[in-house]
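Undergrad: Listed below are the residues making up each chain.
2 protein chains.
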Amino acid sequence: MSNWEDYVRRVEPYVPGEQPKKEHMIKLNTNENPYPPAPGVVKALREMNTDLLRRYPQPDCKILVDAIAEFYGVKSEQVFVGVGSDDVLAMIFLTFFNDAKPVIFPDITYSFYDVWAEMLRIPYETKALDEDFLIKKEDYYGENGGVIFPNPNAPTGILMPLSEIEDIIAHNRDVIVVVDEAYIDFGGESALPLIEKYDNLLVVQTFSKSRSLAGMRIGYVMGNEKLIRYLNDVKYSFNSYTMNQTALILGAEAVKDRAYFEETCRKVIETREWTKKELHKLGFSFGDSKSNFIFAKHASVPAEDIFEALKKEDIYVRHFSKERISNYLRISIGTKEEMQTMIGFLQNFLAEG
Amino acid sequence: MSNWEDYVRRVEPYVPGEQPKKEHMIKLNTNENPYPPAPGVVKALREMNTDLLRRYPQPDCKILVDAIAEFYGVKSEQVFVGVGSDDVLAMIFLTFFNDAKPVIFPDITYSFYDVWAEMLRIPYETKALDEDFLIKKEDYYGENGGVIFPNPNAPTGILMPLSEIEDIIAHNRDVIVVVDEAYIDFGGESALPLIEKYDNLLVVQTFSKSRSLAGMRIGYVMGNEKLIRYLNDVKYSFNSYTMNQTALILGAEAVKDRAYFEETCRKVIETREWTKKELHKLGFSFGDSKSNFIFAKHASVPAEDIFEALKKEDIYVRHFSKERISNYLRISIGTKEEMQTMIGFLQNFLAEG
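Taken in sequence, the protein lines are chains D and V.
This note's numbering applies: residue 1 is where the first sequence begins, and numbers increase by one.
This note's numbering applies: residue 1 is where the second sequence begins, and numbers increase by one.
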């Protein structure tokens, strides 16, 4: 018999989160934006020149890169785009984390960092968050092969002040420091201005949350021109045409509408703050989320019981069975109406219990 | 000063082919299809439910995988899709080529195989095509860490008979054999039926050529269910959501229209055969291409001179400076009118010379 199986790269089979498809469900489990993308995006889709479909897209993604650079006031040479921030982050791991020393990141954090490290055989080490789920900056001062953490952190939603982030960068000038800002637009302060001061800093963002385009898979990273050039070299060698024509066109359109973007973020933040107050009244506790979700535990009722009760009502939130956080629920911020429905149900459910 | 640059993964900076954007150019340099995708594709784009834009796409790409499986009469569990066949092929290298023995492929072939091997630090060895640019099957019988070749081969366009491919597979039951069939629909015989007989065979195809969707970045591979499961495990670990909503919807729509697909391929084949006759009259020689391009050299005029002369007329073909093939031009098959224009110009140019 054949033995090709001996040489298969074995990975922990990752199971993507539930994608229920019920008509009237309330989907608060994947941190999607409850509002549609900017009106110009749908218009661009409907009016798209369909002769582009048979043509290869721009390998340099110029239309999208230029739009992002313009929005943030950086040079186009300081922007790299990919198929969601997962693609961008995986390319960063592949390009920059080649040292024998371990890459370091928090123990409770975005669940893909250790997966990429294992897949690409990169050594890594995790640093425990403190008892309030805060990152302890001093943990990141020692020798290492690179540093990565989200800000706000996932799934805690807790923001780190920019001064502490700068301390971490300043202590790590010999390696690449990656700040993963998927949720920065919901009240956080971006590390972006620091890319002019530190040539080893990469700031990663995404269109999946604040730009309402999870379905189009667009992520990007900003940093100094040399870092971006290295990323492009690796990307061109891997797959020159990753961003399809619709992603380029709709992405560029989404980033142009600053007023709509700000208005959408403001609404999500307002609803989040209202939800925090209501959850607090119901006996939940949580860190001060600056993201589009709340990571909460209840004083007496186990997270799993609440998760199951909500699910029976077709209200989907996220529960992780991982140590330290297994009694927490991650609740994405939907529309005000959706959150009212959820709070209304919890009022009854917790009163009964 | 910081020394993070010591740990950057260095790659040969790949330069993607020219993408000129002149109004009236004739673009015969990237093997795109001259005809638009099936009419249903544009309709699906115009009528797409735009609420999907803010939602993550199906991680299992079910709508597209099912449509491909239905077209080819295989099970959905035998189909894996990716962001163009480059993404699919890179995932195959990452998943299956982990042996210390070298992966083998032809010296003249698709230019990404050695790039992926180098990037992923996979040992490889090339086998020289014979003097007529044919693959010598016996070269692939020795011990190795995997086998990959395109059929028809690129950039020669020459097809290998299925019986010889089966010989190669049968001699390599302990490793994965990948047949890269990007151009198979233009007159070749696919190795697809052999996936039922050989559990170590992967057949890769793409929507970029015969399906007229280069702009949407859709590739796929078919093989036995175990192979596809391993690929999905690696893909989910790398980036769970690679195919965006429009790629899933338009791809599924494109594959449904068998009549349009067959008609388009037939037209490309007819134009190719007409072009062959005309090129032959003009003093060109070439292998018997079964792809949507012709790889030709002229009896007396250097390829580079013809390339430059065509370019001045805004007719773009492809020229590779690589050894053994530097006196050849790769000419994609456009519409009959485009080929007539090119032939007309060459008649004058070569008569003058």
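For the record, the hints were derived by calculation from the structure and aren't laboratory data.
Take these hints with a grain of salt, some might be off.
[Unchecked claim] Quick list of simulated restraints, FRET-style, between CB atoms:
#1 E313(V) to G73(D): 40 to 48 Å
#2 E12(V) to D66(D): 25 to 33 Å
#3 K226(V) to K256(D): 54 to 62 Å
[Said to hold, decoys possible] Below, computed lysine-lysine pairings styled on DSS-like, alpha-carbon distance capped at 27 Å:
#4 K101(D) to K75(D)
#5 K312(D) to K62(V)
#6 K276(D) to K336(D)
#7 K277(V) to K311(V)
#8 K281(V) to K22(D)
#9 K276(V) to K22(D)
#10 K226(V) to K22(V)
#11 K281(V) to K62(D)
#12 K101(D) to K127(D)
#13 K75(D) to K267(D)
#14 K311(D) to K322(V)
#15 K297(D) to K276(D)
#16 K21(D) to K277(V)
#17 K43(D) to K21(V)
#18 K276(D) to K322(D)
#19 K256(V) to K276(V)
#20 K256(D) to K21(D)
#21 K256(V) to K281(V)
#22 K75(V) to K21(D)
#23 K43(V) to K43(D)
#24 K43(D) to K22(V)
#25 K226(V) to K256(D)
#26 K62(D) to K62(V)
#27 K277(V) to K75(V)
#28 K276(V) to K297(V)
#29 K75(V) to K75(D)
#30 K21(D) to K276(V)
#31 K75(V) to K62(D)
#32 K43(V) to K21(D)
#33 K256(V) to K62(D)
Each residue gets a CB set at the ideal place from its N, CA and C atoms; glycine is no exception.
Undergrad: State for each hint whether it applies.
TA: Cross-check of the supplied hints:
no.: 1; hint: E313(V) to G73(D): 40 to 48 Å; in the structure: holds (42 Å)
no.: 2; hint: E12(V) to D66(D): 25 to 33 Å; in the structure: holds (27 Å)
no.: 3; hint: K226(V) to K256(D): 54 to 62 Å; in the structure: violated (47 Å)
no.: 4; hint: K101(D) to K75(D); in the structure: violated (32 Å)
no.: 5; hint: K312(D) to K62(V); in the structure: holds (25 Å)
no.: 6; hint: K276(D) to K336(D); in the structure: holds (12 Å)
no.: 7; hint: K277(V) to K311(V); in the structure: holds (22 Å)
no.: 8; hint: K281(V) to K22(D); in the structure: violated (64 Å)
no.: 9; hint: K276(V) to K22(D); in the structure: violated (56 Å)
no.: 10; hint: K226(V) to K22(V); in the structure: violated (47 Å)
no.: 11; hint: K281(V) to K62(D); in the structure: violated (42 Å)
no.: 12; hint: K101(D) to K127(D); in the structure: holds (15 Å)
no.: 13; hint: K75(D) to K267(D); in the structure: violated (30 Å)
no.: 14; hint: K311(D) to K322(V); in the structure: violated (60 Å)
no.: 15; hint: K297(D) to K276(D); in the structure: holds (12 Å)
no.: 16; hint: K21(D) to K277(V); in the structure: violated (56 Å)
no.: 17; hint: K43(D) to K21(V); in the structure: holds (24 Å)
no.: 18; hint: K276(D) to K322(D); in the structure: holds (24 Å)
no.: 19; hint: K256(V) to K276(V); in the structure: violated (31 Å)
no.: 20; hint: K256(D) to K21(D); in the structure: violated (31 Å)
no.: 21; hint: K256(V) to K281(V); in the structure: violated (40 Å)
no.: 22; hint: K75(V) to K21(D); in the structure: holds (23 Å)
no.: 23; hint: K43(V) to K43(D); in the structure: holds (15 Å)
no.: 24; hint: K43(D) to K22(V); in the structure: holds (26 Å)
no.: 25; hint: K226(V) to K256(D); in the structure: violated (45 Å)
no.: 26; hint: K62(D) to K62(V); in the structure: violated (31 Å)
no.: 27; hint: K277(V) to K75(V); in the structure: violated (41 Å)
no.: 28; hint: K276(V) to K297(V); in the structure: holds (12 Å)
no.: 29; hint: K75(V) to K75(D); in the structure: violated (48 Å)
no.: 30; hint: K21(D) to K276(V); in the structure: violated (52 Å)
no.: 31; hint: K75(V) to K62(D); in the structure: violated (39 Å)
no.: 32; hint: K43(V) to K21(D); in the structure: holds (24 Å)
no.: 33; hint: K256(V) to K62(D); in the structure: violated (32 Å)
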